[in-house]
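**Student:** Chains as they are written, first to last, in my numbering: chain D, 433 to 730; chain G, -12 to 243; chain C, -12 to 243; chain R, 58 to 324; chain L, 14 to 274.
Restricting the straight-line Cα-Cα distance to at most 30 Å, the calculated cross-link-like pairs of lysine-lysine (DSBU-like) are:
#, chain 1, residue 1, chain 2, residue 2
1, C, K223, G, K123
2, C, K79, G, K207
3, G, K198, G, K183
4, C, K51, L, K116
5, G, K57, R, K160
6, C, K223, G, K197
7, G, K123, G, K152
8, L, K114, C, K51
These are calculated hints, taken from the structure and not from any lab test.
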Amino acid sequence: ACGDGGSKETDGEASGSDSEEGDEMEELTVQFVPSQNADTLEAKAKPLEKLLGDELGIPVKVSVSTDYNTIVEAMKSDKVDVGFLPPTAYVLAEEQDAAEVIIQAQRYGVNDEDGSPTDELVDSYKSMFIVREDSDIQSVEDLKGKKIGYQNVTSSAGFVWPAATLMDAGIHPLEDMEPVTLKGHDQAIISLLNGDIDVAVTFQDARNVVAGDYEDVFEETRVIEFTEPIPNDTITVRPEISDDMKEKITKAFIEIGKDEEGQEIIRDIYSHEGYVESQDSNFDIVREYEEKVSKEVN
Amino acid sequence: MIEFKNVSKVYPNGTRGLTNIDLTIEEGEFVVIVGLSGAGKSTFLRSVNRLHEITEGEINVNNKSITKAKGKALYEIRRDIGMIFQNFNLVKRSSVMRNVLSGRVGYHSTLRMIFGLFPKHDKELALDALERVGLKDKAYVRADQLSGGQQQRVSIARALAQEAKVILADEPVASLDPLTTKQVMDDLAKINEELKITMIVNLHSVDLAKKYATRIIGLKEGKVVFDGSVSEATDKAFEQIYGKVDEENVRKRAAK
Amino acid sequence: MIEFKNVSKVYPNGTRGLTNIDLTIEEGEFVVIVGLSGAGKSTFLRSVNRLHEITEGEINVNNKSITKAKGKALYEIRRDIGMIFQNFNLVKRSSVMRNVLSGRVGYHSTLRMIFGLFPKHDKELALDALERVGLKDKAYVRADQLSGGQQQRVSIARALAQEAKVILADEPVASLDPLTTKQVMDDLAKINEELKITMIVNLHSVDLAKKYATRIIGLKEGKVVFDGSVSEATDKAFEQIYGKVDEENVRKRAAK
Amino acid sequence: MRKVEVQQQPQNLSIPPSKTKPILTMILIMLLVLGSGWQINFSFTELIDGLPNMWELIVQLVPPNWAYFSEVTSPMLETIRMAVVGTTFGGLLAFPLSMLAAKNIFFSSWITGPARFILNLIRTLPELLLAALFVAIFGIGPIPGIFALMLFSLGIIAKLFYESVESIDPGPMEAMTAVGANKIKWIIFGVVPQVMSSFMSFFLYAFEINIRAAAVLGLVGAGGIGLYYEKTLGFFEYGKTSSIIVYTLIVVLIIDYFSTKIREKLT
Amino acid sequence: MTQSKGLVYIRRFVIVLAVLAIYIWAFAGLPTLELKETSIEVISAILAGIFSPDWGYVYDPGGEDLLRGLLDTVAIAILGTFIAGILCIPFAFMAANNIMKNKAVVGINKFILSFIRVFPDIVLALLFIKAVGPGEFAGVLALGIGAIGMLGKLISESIENVDLSAKEALIATGANPIKTFIFAIVPQVLPNYFSFVMYRLEVNMRAATVLGVIGAGGIGTPLIFALSVRDWERVGIILLGIIVMVTIVDIISSKVRARFT
Ligand SMILES: Nc1ncnc2c1ncn2[C@@H]1O[C@H](COP(=O)(O)OP(=O)(O)OP(=O)(O)O)[C@@H](O)[C@H]1O
Ligand SMILES: Nc1ncnc2c1ncn2[C@@H]1O[C@H](COP(=O)(O)OP(=O)(O)OP(=O)(O)O)[C@@H](O)[C@H]1O
Ligand SMILES: [Mg+2]
Ligand SMILES: [Mg+2]
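Excised from the complex, chain D in its bound form (with noise of 0.2 Å):
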């Protein structure tokens, strides 16, 4: 849609490379978003520029940031050559033309039982209902009318997932619910302890964020129900970019997911503990789910 000019130059040189594909790329601009399914993140940016720096060979420019509109924005106007994208975001940003997926990340999986990982690499996650552990709601089926904390419209597991569940089971997400919307999966569950809603909708399993606030946090609910896996956080590049440049950067990550020192760095950062080669048809799914969600809530 727009212009291209691979390079960015924050050194004020002249943008003279403008027509050219990116294969000349003087410096990779990396911005990361949060996903929303993490008990631990550090806004740190510095180790990953070292790293990518040292794989690829050109100065990396790594930031945070904590809403994704602005990724997309910024890589539609050539600004950020690389995001680290939640599965809706990508999907929306993909059909802005904005971004290309390379690759996902992986982490270990979550126990159904006892919300402790397990030892297996997974590219997806799934969300979850839960309520007390006093409570008389047993399936998705007793749901109807009950009060229920989501996320905003825009998060995967705090609504797009859980929403299709309820429509799955012919209950309408909003009309047949009363819906709340809150900020943050560790509210959600803090407003479950608290009685505020009968139900709350959260990643698997955010209970461990609020554990450290609140012990019981276990004992006193109960998940009646899962969501189908959602693809886990993705890692795009602006389309512009020329195949051999995306080439060299998926390679990057995936060595820096390899190598040990790479590991304990994108784990304590970001939560990662590997990266997996991906294609956009891995996202169809969200789009299916969107799209479901979507006609039905607005």
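Dock chains G, C, R and L with the ligands against the given chain D, drawing on the hints supplied.
**Tutor:** Just chains G, C, R and L with the ligands now, with coordinates in the frame of chain D:
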């Protein structure tokens, strides 16, 4: 009775306001303070009710040290001292009536004042005071819509309404025409005589000073250079207060 | 030459300031305006340089209508009219020097003034003016640290520094002691005589009016009730201006 | 006596004050600004070059999606309701606290110091932390929202207000001292009439902020207009975003109008 | 005269009634206040965390620590405030109805200021990100432009409140409006101006949300991250840092204002 015991005042910027003032003003006196502009007349008045802290010495009002008084005791001493300011100090945004009524706040409980509930008696007092200075029909006009002289008279009315035992007046007639001047000064004299209220008045007019004062105090560069009855205040005495009528010299002294 | 052509002024709150004023003041006259407090003296002066809009009539200054002037033309007429205010109108937070210099801004480009770059000549003028009123040694003191009379003198110095052709003075000596009063009035008279600068001065003192004026205008309730030379201004004339010395009556009239 | 003599020296008030201090201050500020500019790579050319990109987004913002108006009306009303209550309580608390913090009202730093410290503390608390605390205490809904807005307004009004109180005309206060008023009467008659207008101005300003920045309400599950920004931006529906902007603008203009009227009454 | 007075009373009555109605409406919609069971445990956990700050975060040789974060924040805030402090002046001047007699000019300027104020920070940030890319520079621009609305409004209102007698004196000397403004209004407004600018500096330092969104570094992003994963020790140390920073600004601010009062 007002007693100055070796009082000095130095302003923070180093200007000397008063130097070693030592005198006593008895109840019922009509004292006029004269002196060049900048001689320390206003400073003298403001020391009496401790609007300025003096830097040395002590001042007693009716045998109570205002210099040492605190809290309620201080408020009560002050309530009994009315003041007419040289530059009026009115709340320009409030009505004339409210400005005058504000002279009465010392008499009422704080709670009452928070709601601005003045008793009827006070309102009558305020209207009386306004009538005395000829401003009854401006009672509900905002203070900033008055002429200069009218503002000065509001300031006088406020002090009258206060029913104080001492009145300090800083050039109360500076902006008034001769007739109003006469009327205000007559009023002050009447209050002084009939109610035995002590008057301490700064004046620039030697004629007025001679006409109304029972005692004249001359200040010069913060020091008392004359203190005596009207009869003692000869032309010579005034020469001493104001300096010789030597044009060149006047300028220099006036500046001090 | 200042011409009032059937000028009236009604304040927004309905008070009548001036009513049908019709007179001409020639160049070089020393006009003193007298009248009761609230008679409209300040309103009269403020109409001359259009600090107040008049509600009817027209005023010409040196054959230019200030009532109709706009923008630069208006500023230039005003630059030639100096004004001494009854309540000084100083910028309290600025230094004395800066207050006096502000009388000079009409002479310089806006840009220059934005950076406050006054030429040396102006500073000398300002210091001269301050010396005239005996305040040279307070030049860099903040205006709010001055005594009342000192502030009035700063206001006078500002008007002097302006080098105007007409000076409007609203009770310029109200807060001054007799000596400084004499000195300031002498100065005004000297400027009037030597430089042929027109003076329009509001005064409360009949003595001063008789001593300095070449022409006296008496105002009463916004109307001209007397206009004549000093010799014509008999005691009877003043009685007419101030009303009979009838105590009851005075109060009522003064309140108007 | 000795003290007095020492103080007599600085009488040379007739020479201009030295200009070095202001000049040094200016230089210091310029250095700070230039240093900061360097630290963040300030560049005009980059900005100018990027303007066309900016335009691209502006084009998407117009025209607003008028149909969206009806959808945001009820959250807007909800926001106004909570802002009214929150700002009122905040303002009621801010008044006495600002008086305690103003140095020309209470001369002792034993009073102004703690008052200012409390105000600083209140202003520093991030919204997210407030949300975490209030949700724990009151659960979700309008109540924690109002408390959050109250603290918010308190911080804003009090800080701005005490500083403007510090620059009022001391004359009327002096007159009240002279009539023997105690502190409270002194404030009511000498200070309040002078500051009412600026208090109202800050109060209404805080009210306005509360309406347009009501994101904090979203944080405690109390709805509010903030969520809708997030939602529309999240879906890249800029037409809707700009209709929220226009809506807020209308509300703010109405508040502005009343603000001016009320201040005129008080001046 | 009497008729208009009657009108004034009626208008006043209507306004009072309107305000009253608004309050009744606002309070009527409120649920009752109740405390939650979980509160004690959760709050004591939060407070315990905040009061045992994560000292390790103060300095980290890797470069992304509290000190560096604060320094970045200060740099962004200073520059942003500086830009706004300069750019707001003409708007403030032209939006003050006692300076500008032309009602249309005043109205237009007040409208512009309102418009800037309602423009959400995040959209402003988005615009600048598109222009210069995410980072500190965009942050500075967003803060700088966004603050014009607030500074312009507050300053113009404080101009509307000044004592106009000195202004008269300047008009009488034949000064044009700009000169009058500089000599009669500026000295009176200066303390307020500095107070507002310093306040804005402080707001900008706390503008964690916008800066976090922009990826501008500074202390905002780590604070948001720490809050969202409930790492209270980290929150505690960052808060401490901000409080110290704000207190320093406050002290400087009162020193600066003391100069001008
Ligand atoms: N801004 C104003 N608004 C309304 N009325 C006013 C205003 N200024 C003055 N007046 C009224 O106009 C009348 C004339 O006022 P003016 O100031 O001209 O009197 P003056 O002769 O100068 O009196 P003084 O000797 O007391 O200064 C007075 O009754 C006064 O109350
Ligand atoms: N707040 C202040 N700070 C510093 N110096 C001051 C202050 N107020 C007055 N002064 C100085 O103290 C001296 C005495 O002032 P004061 O006001 O007592 O004079 P005054 O006799 O009342 O003169 P006037 O007749 O002009 O009113 C003057 O030189 C004046 O400049
Ligand atoms: Mg005096
Ligand atoms: Mg007058």
